[in-house]
Amino acid sequence: MTDMEQNGLTRRTFAGRTAATVGSMTMLGSFLAACGGSDSKDGAAAGGGGGGTMQFWKFASENDDPIIKGAVDRWNKENPDSKVDFQTFPPDQYSGTKLTTAFAAKKGPDVFWISPGAFINYVNNGVAEPVDDLIDKSTYNPASVTAVSVDGKMYSLPFEQEPVALYYRKDILEKAGIEPPRTWDDLRAAAKELTTKKQKGIVIEPTPGGYQNFTWYPFLWSAGGNVLSEDSKKSALNTPEAASAFQLWGDLMKDGYAPKKTAQLTSELGPLGRGEAAMQVCGFWGIGQMKNLFKDVDYGVVKIPAPAGRQSVTVYGGWTQMVNAQGGNVAKAKEFTKWLWVQDKEFPDNWACRNGSKFSPNNAVNEGCEDVFSKGAYKTFRDEVLPTAQAEPRYPDQIVKAIGDGLQAAMFSGKSGEEAASQAAKAIDSYLSSYQGAPLNPTQT
Amino acid sequence: MAATTAGSPQTRTRWWKTRKGEQRLVGYGFLLPDLIGLAVFVILPIAGAIYISFHKWTGIGVREWNGIENYKTLLKDEAFWNSLKITAIYTFSFVPLLFIGSLGLALLVNQGLKMTGLLRSAFFAPYMVSLVISSVIWIFMLQDPAGVVNVIIGWFGFEPQAWLGDTDTALISVIIVTLWQSVGYSMIIFLAGLQDIPASYYEAAKVDGASAWSRFRHITLPLLKPTSLFVALISFIGAFQLFDPIFVMTQGGPANATTTTVYYIYQQAFQFLQLGYASALSVVLFLIILVFSLLQLRVFRDDANQ
Amino acid sequence: MTTQTSDAHAGAHARPRVKKPRKPFSLKRMFRPERLVLYALAAVSFFILAGPLLWMLSSSLKSSDTVLANPPTALPTEWRFQNYLDVFDQVPFGTYLLNSLFVATTVTVVALLLHSMAAYSLARLHFPGRDKIFLLILCTLMVPFTVIAVPLFIIVDWLGWVDTYQGLIVPMIPHAFGIFLLRQFYLSVPRELEEAAILDGASLIKVYWHIILPLSRPVLAALGIFFFLANWNNFLWPLIVTQDQSLWVVQLGIQQFRGQYASNYNLIMAASTCAALPTLILFFVLQRRLVEGIKMTGLKG
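Chains as they are written, first to last, in numbering that gives the first Met the number 0: chain R, 0 to 444; chain W, 0 to 305; chain B, 0 to 300.
No lab work stands behind these hints, which were simulated from the structure alone.
Please note that a few of the clues may not be correct.
Taking CB as the label site, the calculated pair distances span [said to hold, decoys possible]:
| no. | chain 1 | residue 1 | chain 2 | residue 2 | range |
| --- | --- | --- | --- | --- | --- |
| 1 | R | D184 | B | P91 | 51 to 59 Å |
| 2 | W | V150 | R | K152 | 56 to 64 Å |
| 3 | B | D88 | R | P239 | 50 to 58 Å |
| 4 | W | Q110 | B | T163 | 44 to 52 Å |
| 5 | B | L40 | R | D428 | 50 to 58 Å |
| 6 | B | F101 | R | G436 | 21 to 29 Å |
| 7 | B | D88 | R | D170 | 34 to 42 Å |
| 8 | W | I99 | B | P189 | 30 to 38 Å |
Computed from a prediction, not measured in an experiment: that's the story for all the values here.
Even for Gly, the Cβ is constructed at its ideal location relative to N, Cα and C.
Okay, chain R solo, but in the shape it has when bound (with noise of 0.2 Å):
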């Protein structure tokens, strides 16, 4: 363009401008450090909003959260001087985006939900308030309680233990005259014989991230492999027992026997629902899916498989409720967490067993959904799925993409299951060796 030219758009004008733009730096980061202000007492008057109203953050889920909403609002009738804002953010954006800027400016919210992947993050950044004075520990399930506990304090407070299962087409299967998998053998000739031009043998999670470890979790823990030591130094994915659950993921996929992409995660029951796929693994609140979109399909559960041999070792989720030690008013946002989830008596009810399907780590209201757990699927997964489930890991995100890489390299890549769990053990250990914070793996207390 001409213009340029008369301009005299030169490197050297460019590289004048850039050095000045540096040279500007200086002043305006002592701006940013001022108000972007690392000072805790700043942070703590800044936090929630101001005034009497406090912040309650979670990603939104259409089916949970009206109750939530109305459970607030009964709240905030019974604490005119303390109410709470409920705000709900869409799920793909809230743990990152949302929550990340909101606390970099000191504007986090006085309540939150918060996923395993963050959770070790924001308690070695004491953004966590500990909640060990909201319940009585003794009625409540010792291994939810683990693992939000670093130094035998809790830092966020359990609310739901949703077990993942392996949920199949019964007339797929009857069609075919095959019995639901129990060992890994049985699963990868079902999962051979039931795929069909039209329909793929099972579906497990393609799309790297949090969900697709959670549900390959069980799998490397019924093969007997774990992701960590047990003094949560260093990797322990470096085992014939981890490999072989990488070689299984890897199989499955690259034998043609699971889609390769789904239209939305497989947290989704549908490809099932539909007749795409006869065995999908997924978690307990599939059966309300089921029972929504898919009354008149005839399906059952079983426990995830295991090697032959094995005990099937399963995992539930995952988020938590968390209260912001810098929030401005942190003895009500506490006030308010335990009479949600402990003191309210319609509420926690509501949420396990009347509207949704969630086990809860508190016994006293498993107890009082009684009528609901002791039928149908909902009764496999409380009898057989549940007892075998442990918390999902509370490994920060750098440690999940190391182990999501691994799958990856070995369902699309080609790898076998050995060098992808070295190339994962490598990239955990590269990142431990320089972690400083709470112990990764819960220790007993």
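We have chain R already, so just place chains W and B on it with the hints.
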């Protein structure tokens, strides 16, 4: 003002002075509102990002100065360089294809076909849907094995592909989706350029017996050069910042085959809570875009010299 | 569309110097081999570019269990117009639409005015540092938004604008693209027009207001559509800066139908169609002006 015609050297100087004064006053004055906006809401945040890049900061905790440590780390960060490679492959495939595609469409709607208005609107329409939504639409269309795209390639005897679920085709799929989304936008800009080429040039060439191709080659292309370079520069800068479709469609997978640099930066900042490191990565990305943009601007300038 | 076609006919006679004068409709001409090829190309391009949007429309009328079906169905098995009612029923979608309209319109109008002033200054007036300022502005295009999101949010918070309309609007106004494009346009406006006015004693502000601004109406219309679309479809910044759902814009509203475990894709598609409709209408109405407008930016040779 009347002194303009007087011609005495002294008054002439004063007249220029006044004009200069007004030019400066209005010049700065008109620039000021936008410049303040840019300074506060764009340049200051950029400066902030550069400042943060010299720190170790999780965003939720205390910020610690760590000098050029982040920059040292990124030199050895294979994943970062790999993401740059993927971004480069994407950009250097996407920009030429976008260029050819949008120029082709612009030529097409410039032929006086029936219903040109409808065609023009239809070609521009994908740009009107947000990238998030178009990504969702395409996830469906690219489903394996029975998505629409596989059905259509099946008519021509091709095997169904996994598209987004295969390391070989995932990036290609992303290129297809983003091309679909932005080809109409560039088409409009090309169309404007095309309509401005005097018809007499073509008529003269026709009289000389030039073929359609040679008319395109020797008239259309040279006269479109400034428009072309504008489209190239803007789409280049955009392509190097590819993020939304990756976030919605692939999360960087499978096996990191679509982890572009901005997606990698996003992961570092918002998932791994390494805001300092992510900022350092951004500074390097900015410098790379700057160098390539300068090269393109250089072409602008040389072109003008001819 | 009919107006377009009849317009074209009229144009053939009124403006004979148009490159390819549009001749009156003739079957013989239409079926000439090279025309047929062009029509075939147009049909294929139409199919590829508009097809996915038509599919979005079709999906918006499907039921929630068939929308994700694999293989997909081209048309809904049962037509559920109820989806559109649900969108407005389940979330305050009308509020979201109004918020988006208000935010996108305000940003567009203010940005057009400020950018045209800045561009005029950069293109036409002489003052020290002008070119360096322009280059600095151009550089800002090269930084992805993801990178500046956190510092920008800190600044907006510092101004006390979190969860306000000004927080949604003001930071989106400054943008180098518009300044760049308008500057190119002003460079190509013949100087004689202004110089005559200046000789008549008009001030520069008057020249800008009475000569330059009226001249740039078409290019402003074009840029206006680009700005409006960019802001209408903006997602990340509104997500970061708002908490109160009464301030949410339409792109955030669409995300409401995505859940943790399952999404209502039929409702997402219905909501997306509702969101795209205003922009589609805007384009249909303004498309002739859009083309005319860009023509004048001086990008051509």
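Verification of the hints:
1. Against the hinted window of 51 to 59 Å, the Cβ-Cβ separation of R:D184 and B:P91 comes to about 54 Å, which satisfies the hint.
2. Under the hint 56 to 64 Å, the C-beta atoms of W:V150 and R:K152, about 57 Å apart, fit the expected range.
3. Checking the proposed 50 to 58 Å range against B:D88 and R:P239 shows it holds: the Cβ atoms sit about 56 Å from each other.
4. A hinted range of 44 to 52 Å holds for the C-beta pair W:Q110 and B:T163, which are about 50 Å apart.
5. At roughly 57 Å, the beta carbons of B:L40 and R:D428 sit within the given window of 50 to 58 Å.
6. Between B:F101 and R:G436 the beta carbon distance is about 45 Å. The supplied range of 21 to 29 Å is therefore violated.
7. Evaluation of the 34 to 42 Å hint for B:D88 and R:D170 yields a pass: the beta carbon distance comes to about 35 Å.
8. At about 34 Å, the beta-carbon gap between W:I99 and B:P189 stays in the expected band of 30 to 38 Å.
The structure shown violates just one earlier hint, number 6.
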